[in-house]
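A.B. asks: Listed below are the residues making up each chain.
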Amino acid sequence: MTAHPDRSILAARNKSLKSVFMRWEFLLLGLFLAINIMNAVISPYYLNAGNLFTAINSFLVKGFIAMPMAYLLVLGDIDLSVGSTVALSATLLGVSYNAGVPMGLAILIALLCGTMCGLLNGLILTRFTELAPMIVTLGTMTLYRGISEMILGSQSTGSFHNVSWFYQIYYARLGPVPYLFFFFCLLALAFGFVLHKTIFGRQLFAIGSNRLTAKYSGVPVQRHRLICYTLMGLVCGMSGVFYSSWMGTVRFDIATGYELEAISVAVLGGISTSGGKGTFPGAIISIFIIGLLGYGLGLINVNSQTILMIIGLILIAVVMAPNLKTRRKPGIKTS
Amino acid sequence: DLSGQTYAIITKSAGNPYNEREASGFEEVIKAAGANVIVKHPAQITAEAQITLINELVAQKVTGIAVAGNDFDALETALKAAMAAGIKVVSLDSAVNPASRLTHINQAGVVEVAQALVDAAYDLMGGEGEWAILSATATASNQNAWIAAMQELLKDEKYAKLNLVEIAYGDDIYQTSVDETQALLQNYPNLKLINAPTTVGIAAASKVITDNELQGKVIVTGLGLPSEMAEFMGQGSVACPYMFLWNPIDVGRTAAYALLEMVNGELTGALGESFTAANGVTYIVTEAGDKGTEIIIGPPFEFNADNIEDWKTVY
Amino acid sequence: MSEILLELKGITKTFPGVKALDKVHFQLRRGEIHAIMGENGAGKSTFIKVITGVHMPDEGEIILNGKKVVFRSPLAAQREGIAAIYQNVTSYPDLSVTENIFIGHEKVERGIIQWKKMHKAAEELLRPLNVDFQPAALMGTLSVAQQQIVEIAKALSMNAQIIIMDEPTAALTNSESEELYRITERLRDEGKSIIIISHRLEDMYCLASRVTVFRDANYIGTYQVSEITPPELIKAMVGREINDLFPKPKAKIGNEVFRVESLGRTGYFKDISLSIKQREIVGLTGLVGSGRTEVVQTIFGVEPYDTGTVYLDGKAVEIHSPQDAMKLGIGLLTEDRQNQGLILDWGIGRNVTLPALAKYARGKITKDPIENMAAKALCEQMGVKAQSVFDKASSLSGGNQQKVVVAKALTSELKLLIMDEPTKGVDVGAKAAIYEVISDLIMKGMSILIISSEMPEILGMCDRIYVMHDGRLMGELDREEATQERILELAMLKKTALAVEG
Amino acid sequence: MQINRRRVKLTRDRVFSSRELSLLAILILIVAGIQLRNSTFLSSRSINDMLKNYSTTITLALGMMSVLLIGGIDISVSATLAFSGMSASLLMRDGVYSSTLVMFLVSTAIGTLCGLLVGLVISRGKVLPIIATLGFANIFRGATYIISDSRWVSAYQFDSAFKRFAQTRTLTFGLMNNLVFIALVCYLVFFVVMRWTRFGRRIYAVGSNPEAASISGININRVKLAVYTMAGSFAGLIGAMYTSLYASAQSDMGMGMEMDAIASCVLGGVSLSGGQGGVPGVLLGAMTMTVISKALPLIGISQFWQKAIKGIIILIAIIINVLAQRAIHRNAMRARERQI
Ligand SMILES: Nc1ncnc2c1ncn2[C@@H]1O[C@H](COP(=O)(O)OP(=O)(O)OP(=O)(O)O)[C@@H](O)[C@H]1O
Ligand SMILES: Nc1ncnc2c1ncn2[C@@H]1O[C@H](COP(=O)(O)OP(=O)(O)OP(=O)(O)O)[C@@H](O)[C@H]1O
Ligand SMILES: [Mg+2]
Ligand SMILES: [Mg+2]
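Protein chains in written order, with the working numbering: chain B, 4 to 338; chain L, 1113 to 1427; chain C, 49 to 550; chain G, 21 to 360.
With the rest of the complex left out, here is chain B (with noise of 0.2 Å):
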């Protein structure tokens, strides 16, 4: 039975070569070429591997962060409280580290700390879904931090580096290059491959473009997502561990920023804060692209704040110059 025997669709995509390269993670890796090549040529101290390797470590503990992030942002969520929810970790660990917990149940502890942080957020939101994740986020944001802040007052909890393995979590390194590197690596991999190759990811990417329809079509909406709030709170969780094993000693009002350097890269990535949009491959090169361009202009020792502006000007360049050109949307794809 077919009514319209003359009319026929392909089924198949002829990517032409240009379409490729002009996908926005193309255009962000040409970017992030750029900026390795300034670097090393404003810079003779650029070019040391395991400098380079020392800087990277250090933003890809709040990285890590980016990439539940993205999914939430996928979902057209949002999550203001990540820094608060590191912050907790870690106390949690040092707490309880202190206490005599021995350091392998503290990092438990820490771990599950930050997952009951995320579910409650989403616990939160899918039973109330009448309000906005930004300021639900944000009443928790305070709260993390509030209890955190009960919880150590002015004072610091530390002394981590006396377990050797402990501090080797952040500090191992195989040649040049540190283990949590290519933990970040394979972690990202897994949330690329699950995010664009999966039916859970297709399904995020539906409830993003149009939660009503994804609804409609028999996707779990509010089940996925309080599965991605909950994964939220276990990466700040490992976040939080990783940033114990980083300095060794944990404060009240350690990671605040991170949400909004989270969503920064994320969006920089093509990743719309509407949902439903955006890949991940963009998300996680912005990282690099944003902690190493930070990286080259401190060795050339330009000050904190105009690293900020530059940073901020690059973000809306960068956004902008597309539209400039073609007057038309940045070539983010759903696929």
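Hints are computed from structural coordinates only; laboratory data are not their basis.
Where hints are given, some of them may not hold.
Claimed, not checked - List of simulated lysine to aspartate or glutamate pairs, EDC-like, C-alpha gap at most 20 Å:
| no. | chain 1 | residue 1 | chain 2 | residue 2 |
| --- | --- | --- | --- | --- |
| 1 | G | K146 | C | D488 |
| 2 | C | K71 | C | D106 |
| 3 | B | K200 | C | D416 |
| 4 | L | K1304 | L | D1231 |
| 5 | L | K1173 | L | D1113 |
| 6 | C | K325 | C | E524 |
| 7 | C | K298 | C | E484 |
| 8 | B | K200 | C | E309 |
| 9 | C | K463 | C | D372 |
| 10 | C | K318 | G | E357 |
| 11 | C | K325 | C | D393 |
| 12 | C | K325 | C | E309 |
| 13 | C | K300 | C | D106 |
| 14 | C | K440 | G | E231 |
| 15 | L | K1329 | L | E1399 |
Unchecked claim - Calculated Cβ distances over 12 Å to all of chain L for the following chain B residues:
| no. | residue |
| --- | --- |
| 16 | G33 |
| 17 | P47 |
| 18 | N51 |
| 19 | N54 |
| 20 | L55 |
| 21 | A58 |
| 22 | M106 |
| 23 | H164 |
| 24 | F184 |
| 25 | F186 |
| 26 | L192 |
| 27 | R226 |
| 28 | I230 |
| 29 | S248 |
| 30 | F291 |
Predicted, not measured: the structure shown is a model, and the values here were computed from it.
C-beta atoms are modelled at their ideal positions from N, C-alpha and C, and glycine is treated no differently.
Position chains L, C and G with the ligands relative to chain B; hints supplied.
C.D. replies: What follows is chains L, C and G with the ligands alone, placed relative to chain B:
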């Protein structure tokens, strides 16, 4: 010839005049010695931001680093790595732990500062009454050290009638400090004195007192920059009769002298060493409360109605 | 003053990859009602948007009142007295009905908006349209049909010379359509010129004096309505003849598959009991706003129910979410394709496969080529007019979007398919295709529940018909006893009448 | 033609929607609770202090509201505030002018320019608001550090009339504090503009359905530009209010205020997706935030607990509001059920 050498100072944060003055003293001495200077202010008041800066300096193979720590312990790994790379490291103003530094440049001994502040309270309150402390952030290590020392001193018989009712934290944010001051006034109607050992806090507290025309009823004292406090000091009915500070420019200068000596090989930061700097002052390395060593610049200086006009344009 | 008010000559409009209009001509006389007809995607809506300045044509000219004009923006067209009701409702859900009507030409005195006057004027505009909502109500709380009525009022409020209506009756029931006819005729008698687009032949025959037909972006011809018979018109539109519009299959009706008993949702509907047998096509009809959509949404698990039980194959089942319903083999084709049926930003292929991703995946991993082939097959079956399965759903014409929504429903193995207004805005040819699909599904053993406001469709396709009014089931009619009059009688029964019946 | 049970009674013309009423109830509860703990809270001096100190945040919420209404967001406002307040203060320090009025005008003008820039990038450059304003937040803040050379403009460097302005009641001849009066005027003007002018209604229209707005001939870009410019003007005005209030201009002033402004709006019923919310709601939201911030130090809770408690109160307030809304809806549905 020092022209190939580079010295760096990392302050606690940007946008704070105190830190600017500290850096300018450092810069002045290093430049005079013919070496290069890097001044770095972290983007946030956190150890994390300072670590990034330290890593950048290590990569640039600088000769010496002076740092005002945002955290006592957290900079340890980064600073140890710097020292392992042959860089001389001293802390100034706000110490880092002894393992992370060769010595610490202390603007004034902790106990001396605490003593001055407690005595001021005793003097201004006439020996009895309620008073409160308005500090910076709850995590600021030097403020916490002074407060702890003050609490220790208060155990003395002499101060028995001084009733410290609250320690509030204004987070070194002007608006928060104002709120906290107003809450203190509201919660403690008999409050006689607010002691704010921080530039933002003392200015905010003085502002609130002046706005509410409580000069003389509630007295402000503490540690502050003369330029910020000139408005509230001087002749007539003022919020703050006197306060203390050292010269932050001198703190920066001394850190620079110490680093230059260390690079010369004249100084290691060990207990008992001493050196005479280009300004003719002799500095002695003494034992610090944290089991490391430190160089104390001198007692805090008192600013009052008589000298404030001279100082307000200096720093 | 010439008799021709508006003339378009040689209009061509190309979208990336699609020629939507190819050298199209059109003449509108003063004081006439002129219909434009054509298949889905023939370019009717695009043509309208060229007239109203939403799109700039690539070629061709527009002559208004004998003068050549160029509309660079919708505002420019409005200033020349052209008002339009677009196919996809373009309203502001957060604003009041009054504001929706007067947006852009508010009544302002000394910079201050005169709300009282505007509400009054809105009420006056709405009164002849027989609405039951107040001008101060928020647009978002109205049903699609009610919003459509507001759009009509909006066009009226502009006091335009030319009023264009793109499928105004798609969301209306017969009686409401008749109301619209009356209004339209009154406007014509007042000297306005009207362009109306519709897929309903009866609209055209009732109203229009002339009809222009487009097919595949081309101008086919303009005819006097009195001189063209329906088969001729269909042939002009579709390019071939359609013999049997309602191919009702003679399927053997089996046992009861699905039943609900005294289903109720507080404030929405009450005491709904209905049952559906295997291979049966059951209709659910009633006036707009009678609560049909809410009933099926509840059955599908989108909204919770407060009372009642749902039985599938005789067993009581719990449905709390669309996933539950789909697992049980119940599918729903929603009436609001833009907001609930499609992801407009996505390609057609992805839209089609969304409800049944697992079916085309290997494990949890999606396989694009498999999905695309499946989507292609389904789209071709439905006759979706597109270049490839990667075309964005938003680029499709209204009717073609509807076909994609139907294709979506065909991806899953279902026992019961609920179709809420499945042929809304669909051309004759595609309607036939959808009916054929329905027949096909029935022959495969499925059961179908159709909600429709189109009487011929209900009468032509259904074995049994339930009629709703005001959130209540008013009665049940067999195919044999069902007539238009009987249905209307039930649909308009007053509560009091019901009370007497007990 | 038909008698239908659905009678939509949601009226826009009421000053308060039910959502705002329930927020009002919550606010009253909070105030009552605090008053019980500390009886000085409702003293006139305490209220004056509170309104004076937070007149800045309260006013900032208005600019934020207009941005949120069109479905945008502006997290650069606090940086704009710092930049304009600082530049205007530097000019006053350097003796370019000493008049309070000129200071306010200059600061507002600089803020307007900043907002215009943001608006241009968003409306012409088609950059997502969050990223554009995130970028501009960095840029304006950085610029503030640079122009001030990281120094403060200290109290003694300001004109004394300007410093007094924030503490006195000259504008209303003794009725209320000047800054509070400015905030009040802003609210009144905004209330009228949003409700009774074309411009205000266009903002709602664009936020409610941008596509429809462009089809009905509203120049969306112009509305966007206007709204971001307006947010900038407000930030500029507040820059002057802020420096007058504290008699001090610092490069890090106002940091984080944008989040309070957003929270005020959302608490007050402004939807982040645009189109919904009104001035009375924002006022209530801003007052709630103000009361929470002001009162926590007053009720004798350890400072280390305050943040946690603030977080809890915000969460509880928004959740109770949702529950109240649900209850109202449920009752409406029950009432309708009886008519079926
Ligand atoms: N914005 C657009 N971008 C790309 N293609 C478009 C766009 N708008 C319409 N088209 C294409 O132009 C053609 C004509 O569409 P149009 O909406 O005018 O059809 P129509 O005759 O109104 O159909 P229907 O009866 O289904 O509403 C279709 O092939 C459609 O896919
Ligand atoms: N929250 C609400 N407040 C008031 N009325 C509401 C609300 N939600 C829905 N309605 C009304 O419910 C009706 C929608 O009913 P429903 O869509 O089920 O009817 P229908 O018979 O399917 O009509 P249609 O042909 O319009 O689809 C509309 O009249 C709408 O005004
Ligand atoms: Mg159309
Ligand atoms: Mg319906």
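A.B. asks: If a hint holds in the structure, say so; if it doesn't, say that too.
C.D. replies: Verification of the supplied hints:
1. K146/G with D488/C: This hinted pair is violated, its Cα atoms lying about 48 Å apart.
2. K71/C with D106/C: Holds: K71/C and D106/C sit about 10 Å apart, inside 20 Å.
3. K200/B with D416/C: Cα-Cα ~9 Å, so holds.
4. K1304/L with D1231/L: Holds, because 14 Å separates the two Cα atoms, which is no more than 20 Å.
5. K1173/L with D1113/L: With Cα atoms ~18 Å apart, K1173/L and D1113/L stay inside 20 Å; holds.
6. K325/C with E524/C: Given pair K325/C, E524/C holds - Cα atoms ~14 Å apart, limit 20 Å.
7. K298/C with E484/C: Holds, at about 13 Å.
8. K200/B with E309/C: violated, 43 Å
9. K463/C with D372/C: This hinted pair holds, its Cα atoms lying about 13 Å apart.
10. K318/C with E357/G: holds, 8 Å
11. K325/C with D393/C: Violated. K325/C to D393/C sits at ~38 Å, over the 20 Å cutoff.
12. K325/C with E309/C: holds, 15 Å
13. K300/C with D106/C: Violated - the C-alpha atoms of D106/C and K300/C are around 55 Å apart, more than 20 Å.
14. K440/C with E231/G: holds, 17 Å
15. K1329/L with E1399/L: At roughly 41 Å apart (the allowed maximum being 20 Å), E1399/L and K1329/L break the hint.
16. G33: holds, 25 Å
17. P47: violated, 9 Å
18. N51: violated, 6 Å
19. N54: About 4 Å separates N54/B from the closest Cβ of chain L, which leaves it inside 12 Å; violated.
20. L55: violated, 8 Å
21. A58: A58/B not clear of chain L: closest Cβ-Cβ about 6 Å, inside 12 Å.
22. M106: holds, 17 Å
23. H164: violated, 7 Å
24. F184: Non-interface label stands for F184/B: nearest chain L Cβ at 15 Å, farther than 12 Å.
25. F186: At about 19 Å from chain L, F186/B clears the 12 Å cut-off, so the statement holds.
26. L192: L192/B clear of chain L: closest Cβ-Cβ about 27 Å, beyond 12 Å.
27. R226: holds, 35 Å
28. I230: The assertion about I230/B holds, with a minimum of 30 Å to chain L.
29. S248: Label violated. Min Cβ-Cβ 10 Å, cutoff 12 Å.
30. F291: Holds, since 15 Å exceeds 12 Å.
Hints 1, 8, 11, 13, 15, 17, 18, 19, 20, 21, 23, 29 from the earlier list are contradicted by this structure; the remaining hints agree with it.
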